[in-house]
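Q: The lines below spell out each chain.
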Amino acid sequence: MTEMNEKLVFDKPESVIDRATHYCPGCHHGIAHRLVGELLDEMQLTEKSLLIGSIGCSVFLYNYLNVDAVEAPHGRAPAVGTGVKRARPDNFVFTYQGDGDLASIGMAEIMHAANRGEKISVVFVNNTVYGMTGGQMAPTTLIGQKTTTSPAGRCVAHEGAPIRMAEIIASLGGVAYAARGSLDCVKNIRAAKKHIKKAFECQVNATGFGFVELLSGCPTNWKMTPVQANERIQKEMIPYFPLGVFKDISEEGGIC
Amino acid sequence: MSKQPERIFIKGNEAIARGALAARCKCFFGYPITPQNDIPEFMSSAMIKAGGDFVQAESEVAAANMLLGAGAAGIRAMTSSSSPGMSLKQEAISYMAGSEVPAVVVNMNRGGPGLGDIGPAQGDYYQSTRGGGHGDYRHFTFGPGTVQEAYDLTIRAFDIAFEHRTPVLILGDAILGQMKEPITPWEPEGVDDEAGRDWAISGRTGGRDKRLIKSLFLAEGELAGQNKHLQAKYDSWTDLAECEQFETQDAELVICAYGSIGRIAKSAVRKFRKEGKKVGLFRPITLYPFPSADLKKLAEEGKRFLTIEHNLGQMVDDVRLAVRTICDSEFFPIYPGNLPTPDELEAPILACLEGK
Numbered sequence: 001m002t003e004m005n006e007k008l009v010f011d012k013p014e015s016v017i018d019r020a021t022h023y024c025p026g027c028h029h030g031i032a033h034r035l036v037g038e039l040l041d042e043m044q045l046t047e048k049s050l051l052i053g054s055i056g057c058s059v060f061l062y063n064y065l066n067v068d069a070v071e072a073p074h075g076r077a078p079a080v081g082t083g084v085k086r087a088r089p090d091n092f093v094f095t096y097q098g099d100g101d102l103a104s105i106g107m108a109e110i111m112h113a114a115n116r117g118e119k120i121s122v123v124f125v126n127n128t129v130y131g132m133t134g135g136q137m138a139p140t141t142l143i144g145q146k147t148t149t150s151p152a153g154r155c156v157a158h159e160g161a162p163i164r165m166a167e168i169i170a171s172l173g174g175v176a177y178a179a180r181g182s183l184d185c186v187k188n189i190r191a192a193k194k195h196i197k198k199a200f201e202c203q204v205n206a207t208g209f210g211f212v213e214l215l216s217g218c219p220t221n222w223k224m225t226p227v228q229a230n231e232r233i234q235k236e237m238i239p240y241f242p243l244g245v246f247k248d249i250s251e252e253g254g255i256c
Numbered sequence: 001m002s003k004q005p006e007r008i009f010i011k012g013n014e015a016i017a018r019g020a021l022a023a024r025c026k027c028f029f030g031y032p033i034t035p036q037n038d039i040p041e042f043m044s045s046a047m048i049k050a051g052g053d054f055v056q057a058e059s060e061v062a063a064a065n066m067l068l069g070a071g072a073a074g075i076r077a078m079t080s081s082s083s084p085g086m087s088l089k090q091e092a093i094s095y096m097a098g099s100e101v102p103a104v105v106v107n108m109n110r111g112g113p114g115l116g117d118i119g120p121a122q123g124d125y126y127q128s129t130r131g132g133g134h135g136d137y138r139h140f141t142f143g144p145g146t147v148q149e150a151y152d153l154t155i156r157a158f159d160i161a162f163e164h165r166t167p168v169l170i171l172g173d174a175i176l177g178q179m180k181e182p183i184t185p186w187e188p189e190g191v192d193d194e195a196g197r198d199w200a201i202s203g204r205t206g207g208r209d210k211r212l213i214k215s216l217f218l219a220e221g222e223l224a225g226q227n228k229h230l231q232a233k234y235d236s237w238t239d240l241a242e243c244e245q246f247e248t249q250d251a252e253l254v255i256c257a258y259g260s261i262g263r264i265a266k267s268a269v270r271k272f273r274k275e276g277k278k279v280g281l282f283r284p285i286t287l288y289p290f291p292s293a294d295l296k297k298l299a300e301e302g303k304r305f306l307t308i309e310h311n312l313g314q315m316v317d318d319v320r321l322a323v324r325t326i327c328d329s330e331f332f333p334i335y336p337g338n339l340p341t342p343d344e345l346e347a348p349i350l351a352c353l354e355g356k
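Listed in order, the protein sequences are those of chains A and B. Quick note, in this note's numbering, the first sequence goes up one by one and the last residue is 256. Quick note, in this note's numbering, the second sequence goes up one by one and the last residue is 356.
Hint data in this document are derived by calculation from the structure and do not stem from the laboratory. Be careful, since some hints might not be right.
[As the list claims (entries may be wrong)] Here are the computed lysine-lysine pairs in the DSSO-like style, where the Cα-Cα straight-line distance is at most 27 Å:
1) B:LYS180 x B:LYS271
2) B:LYS266 x B:LYS297
3) A:LYS48 x B:LYS266
4) B:LYS210 x A:LYS197
5) A:LYS48 x B:LYS214
[Claimed, not checked] A few chain A residues that face chain B, going by a derived Cβ cut-off under 7 Å, partial list only:
6) ASP68
7) ALA69
8) VAL70
9) THR82
10) ALA87
11) ARG88
12) PRO151
13) PHE246
Note that CB positions come from ideal geometry on N, CA and C, so glycine has one too.
Given only the sequences and the hints, what does the whole structure look like? Please build it.
A: Structure below.
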């Protein structure tokens, strides 16, 4: 009888703490956390990193990443990040925000931090809904999508159209990199990691503000199975929120 | 012959900015609003020269949250505003109180509510001393009365902020901010630029344990524990309460007034004293902690009180709380847009003195 050899081929990144998360089954936050953790490891940024937490489902990110962190009020992470980075310019400063936090209450802070070209990185998780508070309409909720505060479905005439943040951010002067990825399948997850890496490099190389939007599933609030949620990203979200790079001047020496 | 100390002739706003600079403030986050604009204008170049940074934020909300970030990073930082802008800063101030982030905030109080006017007023006393944002907290508050005191207390504010890990408010008004006076600037010795070394977020260099600065406490009993800890800190400030007493020793009537009104009242007291009338002044310098013990002592000596404020009655609550077991305080309101001369305070003081 041959001896069984166990070989660990897939482990948690060192930057990710080995503990159970509070996320629902099928939620994509765990994938986004892992991608961030892998890159902090690979780019050797863990010890330099200062995480700016936000409000929403990802509020407990500071329990899952093994980095120094400060908790920002709802939507204010880019402002808090600005203060942290200006105070400690040699550290690596990043925010991680959801769509209610970033694209609704925090619209002013994200727009101006981007426009000033703050040398910070922003990971923006777009799942078209306020998750933590129970599935209310977000600024990214799709037309016709039913939520607890748009029970008849979002209507352009009444609630306006969903906001495309990556494109808006790309239009601002201080931005070095703006892209949108998706976490619905392995191919897209791999592409998303490349986007995050580019955004992080913009800070490391001081070229400017780096922004990555990640289309993510929220099976609980979408009232779907995880598989159905992944299909919805493909069929409904990507057609409205196209994937790709909307601005990249990281090779051109960046802004001023 | 020893060198004469330098005297400079500057506005109260500039005194606060220079005081912050002397206290080795490294970051300033501002937003324009009258009557405090001299502070961000001064700091826009001063911070860069000091090797720090300046940001004109997109709003008072953002400026205060930038302050939260810099304070969490353990760096001496400041923001300034005036009343309408202070309403917007309360969000971050509440978070700073909850997560024990040191920072200095300046409010050059103008008339309110709403857009009010741009003249001096003391309508923000409640907001400044009760914890102006949401939740159960207080922060240290100074109420300078002169340009020199504005300079001195700004330096003190940074020390208190870092020693006690708390936001500290300097509550002035439009008169203090815009009035020029000669002052003697000075530099504090032994300022510790790394006062946050044991708690600030700075990166896990050398593999140290991660640090977390937060105000969310969800586990059972956790928030109660944090709030008890905060309250114990506030209680410990009682001994730091400060006041100026002028001619109170043999006074029959003690005027209670702070800031610019305290100063005007002092002139009125001087005039009464020339006439042989036994009037004194009690001027709180710290508004939170309020110097209740000193005031109670005066009450125990049988003195009577008249509180004069540039509002319709806010600090008078603290005066009454201090003397409540012994006596009461009369109150004279000053309406916004109408800064009194010392002469105009004579009639209400005299009426009180004569028991009318």
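Q: Which constraints among the numbered hints does this structure fail? Numbers only, ascending.
A: Of the numbered hints, 3, 12 and 13 do not hold.
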